[in-house]
Structures are given as C-alpha cells and as structure tokens.
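Residue numbers (this note's numbering), protein chains in the order written: chain A, 1 to 418; chain X, 1001 to 1664.
Calculated from the structure, these hints are not laboratory results.
Even glycine gets a Cβ: it sits at the ideal position worked out from N, Cα and C.
Don't take each hint at face value.
[To be verified] What follows is a set of in silico ranges between Cβ atoms, one per label pair, in the way DEER data are often shown:
#  : chain 1 : residue 1 : chain 2 : residue 2 : range
1  : X       : K1210     : A       : D72       : 52 to 60 Å
2  : A       : G251      : X       : V1071     : 46 to 54 Å
3  : A       : G383      : X       : E1106     : 26 to 34 Å
4  : X       : A1067     : A       : S228      : 35 to 43 Å
5  : A       : I367      : X       : S1181     : 42 to 50 Å
6  : A       : D72       : X       : D1608     : 51 to 59 Å
7  : A       : A388      : X       : K1210     : 27 to 35 Å
8  : A       : A388      : X       : P1251     : 37 to 45 Å
9  : X       : D1111     : A       : D321      : 31 to 39 Å
10 : A       : P192      : X       : P1251     : 30 to 38 Å
11 : A       : K49       : X       : H1400     : 53 to 61 Å
12 : X       : S1181     : A       : E225      : 56 to 64 Å
13 : X       : D1111     : A       : E293      : 46 to 54 Å
[What the hints assert, rightly or not] With a straight-line Cα cutoff of 30 Å, these simulated DSBU-like cross-link-like pairs (lysine-lysine) come out:
#  : chain 1 : residue 1 : chain 2 : residue 2
14 : A       : K184      : X       : K1132
15 : A       : K306      : X       : K1130
16 : X       : K1130     : A       : K184
17 : A       : K191      : X       : K1169
18 : A       : K5        : A       : K29
19 : X       : K1024     : A       : K191
20 : A       : K409      : X       : K1281
21 : A       : K184      : X       : K1389
22 : A       : K5        : A       : K49
23 : A       : K128      : X       : K1169
24 : X       : K1057     : A       : K398
25 : A       : K5        : A       : K64
[As the list claims (entries may be wrong)] Here chain X is said to cover these stretches of chain A; the calculated rule only asks that three of the stretch's residues, wherever they fall, bring their Cβ under 8 Å from a Cβ of chain X:
#  : segment
26 : 331 to 339
27 : 348 to 356
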Amino acid sequence: MPVTKVLTAGIGEADLRDIGVYRERGGYKQWERAVRELRPSDVLELAEKSGLRGRGGAAFPTGKKWSFLPADKYPRYLICNCDEAEPGTFKDHMLLEEAPHLVLEGMLLGAYGIACHHAYIYIRGEFKRGYEIFSTALDEARRAGLFGSKIFGSDYDLDITVQRGAGAYICGEETGLINSLEGKRGEPRLKPPFPAVEGLYGMPTVVNNVETLAYLVPILERGSEWFSAAGTERSKGYKIVSVSGHVRNPGNYEMPLGTTVREIIDIAGGLRPGRTFMAVQPGGGSSACIFDEHLDWPYDYESMTKAGSMLGSGGFVVFDDTTDFVNAAYNLVRFFAHESCGQCTPCREGSSWMERVLERLVHHRGIPGDYDMLLRVSRSITGLNLCALGDSIEPFLKSVMLRFPDAFKSRIAETVAR
Amino acid sequence: MINLTIDGVPVTVPQGTLLVEAAKTINQEIPIYCYHTKLGPAGLCRICMVEIEGMPKLQIACNTPAADGMVVHTCGERVEEARAVVLELFLVNHPLDCPICDKGGECDLQDYAMAYARGTSDVADPKLSKPKAVDLGPTIVLDEERCIVCQRCVRFDDIIADEQQLVVKERGARDIIATASGRPYRHNFTGNVTELCPVGALTSRTYRFKSRPWDLNRTKTTCTQCSVGCQQFADVRYGTLLRTMLVEDDPISDGWLCDRGRYNVGFYESPDRLTQPLYRKSGSFTQIGWDDAIILWAEAIRHAIAARGPASVGAIGGGRLTNEEAFALQHVFRALGVANLDWRAGLQRQATPGARGASLSAVDGAEVIVVAGEPPAERAPVFWLRLRKAALRNRARIVHARNADAAREAVRDATRVALIWDGVDPAIGKGYVQALSGVPELATFITGEQSNARGAEAMGMLPHSGPGYVPVPAGRDANAMFDAARAGEMAMLAILGANPVRNAADPEAVARALEHTPFVVVSELFMTDTAALATLVLPAKGAFEKYGTTTNLAGDLLPNNASLQAPDVALSDLEMLSALAEQLGAPLPAMGEIESAVIANVANPPRDFTLGDDRFADASTAISTGTSTSLSTGPNARRASKILSGGGTWLHDPWLARMREEVS
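Given the sequences, and given the hints that come with them, work out the whole structure.
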C-alpha cells in the first residue's frame, strides 16, 4: 500500500496538539535551524527545488509564487489560507485540529522564506474547534519564544495574526480572502493587479494553502531531493487525499502523487459489497468526473488534467451505482449558486438559473429543452467570469450529463408523458 | 505612445489607455455597464468582452490596457456570442417592465439587448422576486428587481462622494443595493446615482412615472443655485420642468450635479408665484398693470431726486440676476447720478478674488487646500466635490485652518496652494492671503452666497466701482443705505432679486429700514419677507425663464438659456429696467452693446486687489458690527442651510416639500 505518512505521521497516535509532544518528535527544529542557519533565500531555494506545488487547488509552483514578490516593496505579507470549503475536501481541517503546531511551523517557515514580518492565518468560520485548538497552540508557541521579536536571538521579527472567516466559500479565493481579511465584503478582486504586487492592504502578499506550508517542514528536514524523489515527473512529492463517498473507509490518506485511482479507492477500503463503480470526482466539487477507463491512471496533476478533470484540492469523491446524478448535480450547482458572491453577471445569474432548472429535474418536472439548455448555459458562462467560481460549475455537471444522459432525459420524458 | 489595431484600424493611444477608451477614439462602441470613465474599471458586468489575438480567452476591454502590437476585435462570432450570453443572463431575473419604466428609451440594458441579444429566451422558470419601490432616501426610489448589480452607485458613493453609504447586501442572485446603516440614503450628491444607473433601478422621486425621455425638450443652461455655475440640462415637457440632468463633459462641474441644483427647481411650478405687479395702497396690495407700475416707479425716482437729491435713492441687487440685468440696473441709476448701488444684500462682502484669482481646475493640482470661513460643502457643493477629488485622488490636504497662522503652518513647503474663502469677513480674507503670500502658486476662490455675485461686481453693482471695476466716487453700500433709511434719509430703494430681510446680518434692522423708506420697489418670484414690506412688488422671471449670461466664482462667463414660459405677465428684470429707462427718457444701450460690455467686463479680471481688500470693507457700523455675524451662534444660525432647503425659494418648492415629508 502506498500510504506514506509525512504530515499525517503521529496523528491518531500521539497528542500533537501538545507543544511538548510535538517538540519531542522533532517539532520546531527546522524552524530554529532556518532562523539560526539559513537565509530566507535558502528556504525559497529549497521550496523551489523540491518541486512543491500549491495544494489548495491551483497547483502553482510554490517557490515561483514567492519569487513574484517585487524586491523593493515593503511590508509584504504571508497569508495561510485555511478557508477550506471545497466540497469533498477536509484535509486542512484535520491538520488544523490534529497537528496545529505543524501548521504553525509551516507558516513560520513560509513567512521566513519570503522574509515578511507579519503572517496571517484565515480560518474558515465553521472551524470553531480548529480555531480554538490553533489559538491555544499559537499561545504556547508565543510563550515558548518561537516567534515574536528577535527570534532565537536573531534580528528577525515575525508576528502571527489569526482571523476567522464567517463561512463563505468565496473567501477561499485568495483575493476574496484578502478583502475579507481587510474587513471588506468577501468578493474577489479584479486582476491585475495580482496579490503578489498589490495584495493585503495594497502590499505584496503571498497566499498559501495550509498543506502547502506544512510540507515545508519535512522538506527542510529531509531535503528537497527526498521530496522530489516521490511522485511523478512534474507532480512531485506527497499529497493528502480526502476520500469520501461510496467507499467503506472514507478519510484522509497521505500518499505520493502518482498513486493510481484504483489504488486510492482500495486504500479507502474499496466499494461496498455488491456495488458497481460509476464515477469519481477526483479534485473537489469544482472538478469533472472521471470514469472506468481512468481507474488505472496515476493520480497526479497532469494525468487528471489529461483525463478532462483536475487534481484540485484532493477532494476525492467516489460514486457507485446507487447515485442519483441529477440530485448530485443539483446539490453541487445549488452550492455554487448559494456561494456565488454576486459580483459578476455570468456566475450570479447563470448559477441561480441552472439551480432552478435542476431543482425541477430533481422533482421530476423537467421540460423539453432543459437538457440542451443546461449544457449550453454551463458551457457559455465558463471563461466569462471574474474569478474561478463561475468556471467551476460546468465540469461536474457536463461530465455526468454527457456520461449519463438518460438519467437527465428520463426526468424530462416523465413530465412529457404526464 | 502605444500602437495597436482595433477592428483592423490602426490606433495610437497613450501608455496605460484601457481598450474600452482606445476603441472610443475610432468611434467603435464596446458595450459597458459597470465601467464608467469617472469610476474606472470594476470587471463585474462582463459585457465588454473583446477578442485579442494570441490570447486564448476573451478579455474584458475595461481592465485591459492597450499594448504595442495588440490586435483587438470588438466584433466577430466569439465576441457576439459572449455578449448575447451575458445579456441573456441579465434578463433571467430582470422584470422586463420597460413599458412602465422611467428609463425606457434611455436604458442601456434595453439598448444593448436590442442591439446584441438573441430575440428569444430559454427561461421557463419564475423570476426571483425582490423589493420594488424601495425608499432609499428622500430623493431616490430603488427598484431592486431592475438592478443589474453593476455597483456604479456603490462606487460613486465610495470614491466620488466619499460617503460610503451604499453597499451591496446579500449574496449571489439575491444581491440588493442598500445603505450600510439601513438609514435613509442622503447626502449632497445622491441624485447623480440615478444618472449613473444604466437601468431603471435608481430613480428620482421627483421624476418617477412623469414622462418618457423622447417627450422631453432638452435645453442646456447654467445652474443658478450657487456660485459654481454647473452646466445642466433642463428637461421640459408641455411647458413643465420635469427634471434637470448633468452634462457629462462639463469642465465646470466635472460632470456632476448636487442635489440642490438637481432637485431645488420645483418652485417654478409653485402656485405661490407672483403673477401681477402689486401696489401697496393704504396698507394692502392691489393688482395693477405693468404700464402703471413702471410709471409709478419712474415717478417715485424723479420725485425723490427732485426733492431730496440722488443720494436719497438706492438700488440693491444683481447677485441673483444675469450679467445683463446687473449691468442695466447700475446703468439706469448711474445715468441719474445715483451712486448708492450694491449687490451685497447678505453677509458676503466680496465675490471677486482679484489678483490671485484662478480657474476652477487650479484646485486639481493643489497640494494643500486651505478653507477659511464657512466650508464650501453647502455653499458650493460641486466645487467641494472637486476639492474632495483633489484630496482623494491627488492626495491634496484640505485644511480648515483655525486662523491665519495655522494656515501658514499648513502650507509650509507647499508649492501649489488653493485658498477657499466665504467672502464674509474681510479681515479673514486679508489675513489668510497675507499669511500665504510666500506660496509660489497661490490660487484664491470666493464661494458666493449668490449665483452671479461675481458678475454683479464685474458689471459695477458696487458703490465704489463701475463696470469693469473702474473706481467711481463712492456711494453708500447696502448696509449704509439701510442705516440711512432708518434715519429717514432714503426716499426710494429698488431691490431686485434679493431678500435682505431674510439674508442680511440683522434682518430686523433691514425691516425697520424698509418701513422708514417712502417708496420701496422689489422684484421677486415670491412674496418674500422683503417683498412683503415693499410699496411696489414686480413679478419677475426665474432663471429658467429668461436668456442671459452669468459669471461663476472663477470668472467663467456662462450662458443662461430659457426653457420655460414665465407665469402670466412676469417680466425679466432686464425687461423691467428697459421699460423704466424708457419711461425716464434715457433708454438702455442696444442689447448688442450691453452684451459686448458684459463680455469685456468679465474677460479682464482686476489685478489691483486681492481677498479682503479695503474697498470692500463695510461702511456701515450698525448692521455689520451691531450684531454678531458668526454663522454658528449668531442670529443667522438658522440660515446655515442644509442643501435641500436650497436658496430663498425653498419655502415654495413642492418637490422639496414632498422630499421632506418622505424623510420625516
């Protein structure tokens, strides 16, 4: 079994929330080493060489993202994006609650890597327990002198601020997050300018996912070669996959990228007895479904894109033959319609329109033309939007409508027959 | 400069020009809703999609700067498909109530839907319902269902008006526009959002369900509600003024109107308007004809001069008249040897800044803006908007200096400074100018109480100078005339377009002065406090009912064009003065000569004085110093008016009365 515990090591075995336990296991050693022995550029170089890519969904190379910061514009900020709200994804949630010190150490290293003196963590509003656990960990670390002014006797100062969201999916979008953090309405900003140039409070800002930052700790500990040795040619390292849906043991499983789709299903205990595999949504609610023919494909960024989907945030949702795909599509579109911030027209109007049509289909009240209309509208709004939310509606809907057209068309035929 | 190609046409634009603006240079229309030249890009509506060669996705023209060698297509299959999709989506929840919508006929949604949308719709589901006819505040009524959430109003409120009252509430398709606090939307510039709104969502309370745009006759004229002189359109249907609209490219107003200029115009329709000359006979007024009125007036002047000399005759007014009328007023009386001439019926002593005067645009580049006396916020609202713009966009500092020393401290190291003075206390004006005399580029402005105060001065309605500020043997100024009248020294006073009993520092003293004057002539639109004390009341035309010119606080000569018919037999002050001059046997110069004189006198502002010059100082003692002139604590506190109480006409304005009711 390819399960490899890196970030998840110790979770479920030791109380990693206890700073003493965490330190006994080697915690904060890398942070101390970085401040005492490394320059920020060394950390950046390690991140770059490891091939680490953003684990929040966009898979942008982390080192490259940091290097976009203009050299002469200060202050700059690091934001740890813990607004995990992608349907089917629950890895950051676990890290925050089970390994808060690992998250914090990753943030400290990231902040040092971009040489900023103030880092923020934006925690999704619903993660109240995670917020409390992280805040306690933060207090412990502050008392232990792990951050603040003149860290480990060096000239480096760093402060950390925790901000809770109010429960909006759109605040996981980095510029929506920045607006929310500034106390504004959580709406994505018009780009350019990009956050690396004009982000939080108009200053250069890097927004990294929790998992991305956490991987900095083992990368510093074991070296960039160790990390890049795992995975595939362009998808290096490990990934926590949140497996859910019709499997026997849903949960978070950490593994090297490139593990096959079939292996992941098996890791999670396989399907329930007597059930048939229908589809899997490999990268959270925004991704298209992949089917039987992709079962032996490696689970990495390139292959998933090639399969017509994406790896996204690693939310891996398995569907067996008990699935009502009309209902599943309605559930997702309703989510996007509910979470659309309403700024730009295609997303605002398109999502709510499709939600109403799908609601009719769910209630067996389809009318001729609905099928083509859903495909047409979902396709035509894609690419017209201000941010990625509006473009996230089409993939799942289109993939299941094209694969299982009868599930949708039968709802229309029923109405006509009545 | 950047060279690019738009629809096959080579275009050269400055660096940083957005594609939407670049396309305008070749008259190629790119549809827009959320973008506005003065608000900048927002990227919300997604209608302005264009195709750029080498880019896989369509791009929004409103946030894409032109780049060298760029090849842009604003039409073609992909672009037209995207536009049709966006328009289709706009109409999913739009109520399509164009037949009863005020905006119908001048609506961007209607126009673009006709031009770019498919003719049919696939929508089979009920539309979302939202609140309709929402009272946003005293001036604005909002239809949430028509709103397309372009956020122009929100951004206007944020970056132009600097009020931050309007926000988007709720989320997604349930978005609504509302005030953040939930309290009524009110500030001095609310009406502008109705014009920024590309659809019929934000409507003026005064114009709702009144007319169709194609039924309106439009006249461009100058707003006479304050001394800024914003250009505006008067929209009239069947002889009734229905609305006033801003002029987009007007350099005076920068393309905005304040709520006073926009809404304080209902008084033209008031049933309280004076329509016939009135003559006081044994205590009460009797209606008389114009011939009799002019003869009575002329006889009173002749009699007064014959019996008690020209020093017993005086004329007050001009600040609310046109330049031509002010010129005629002083011309008629100076021809008779009368030197008691003054426009200053209120608190303001001076309207012409003199040597340090400047054009309005001088504040745009100012580093520091010093405000002395009453701030221009209510006095010259659109000028104030310009100051805010300088502060918000160019980081100018606005300093309400407590005294001249504080002002000097505030401008240390500054090269370009603007000084804004209310013209009331000459000592303040003089003190501040002296304090700031070391500034290399000092631009001074006087915000006037009356719209044409500066024009009246240029036309010679001053006791010490004639047309073109040419010094003449001094007569009495207005307050001195009132002093003399109370002492029984005045035989005849003519007050044209002024209401000193309401606006002077000591209204009771003025009232006593008029009671002690045997013959008082007042030309007015309404039976004002001053007119009520007159011997002869002449019904006058308002600014929208006559032609002429006006001079704003910066010395711009601006046209006044008639758009309305005056009620009954009301005459303009110029017509009255012309008849009076005929009757007195000394006709006015030909109209062409008056116009030439106006142009010549406004064109060359004087250089031999500056703010608070001694010649403008008050000759009277009793009125100007007898009581406190402090605006906040003195007897005039009641006049520190809020914008919707407007000029002297507010008591008679049915529009404003309705708005005030809505608020209370």
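So, going through the hints one by one against the coordinates:
no. : hint                           : in the structure
1   : K1210(X) x D72(A): 52 to 60 Å  : holds (58 Å)
2   : G251(A) x V1071(X): 46 to 54 Å : holds (53 Å)
3   : G383(A) x E1106(X): 26 to 34 Å : holds (32 Å)
4   : A1067(X) x S228(A): 35 to 43 Å : holds (37 Å)
5   : I367(A) x S1181(X): 42 to 50 Å : holds (44 Å)
6   : D72(A) x D1608(X): 51 to 59 Å  : holds (52 Å)
7   : A388(A) x K1210(X): 27 to 35 Å : violated (45 Å)
8   : A388(A) x P1251(X): 37 to 45 Å : holds (43 Å)
9   : D1111(X) x D321(A): 31 to 39 Å : violated (52 Å)
10  : P192(A) x P1251(X): 30 to 38 Å : holds (32 Å)
11  : K49(A) x H1400(X): 53 to 61 Å  : holds (59 Å)
12  : S1181(X) x E225(A): 56 to 64 Å : holds (59 Å)
13  : D1111(X) x E293(A): 46 to 54 Å : holds (50 Å)
14  : K184(A) x K1132(X)             : holds (27 Å)
15  : K306(A) x K1130(X)             : violated (44 Å)
16  : K1130(X) x K184(A)             : holds (24 Å)
17  : K191(A) x K1169(X)             : holds (23 Å)
18  : K5(A) x K29(A)                 : holds (19 Å)
19  : K1024(X) x K191(A)             : holds (23 Å)
20  : K409(A) x K1281(X)             : violated (92 Å)
21  : K184(A) x K1389(X)             : holds (23 Å)
22  : K5(A) x K49(A)                 : holds (21 Å)
23  : K128(A) x K1169(X)             : holds (25 Å)
24  : K1057(X) x K398(A)             : holds (20 Å)
25  : K5(A) x K64(A)                 : holds (26 Å)
26  : 331 to 339                     : holds (count 3)
27  : 348 to 356                     : holds (count 7)
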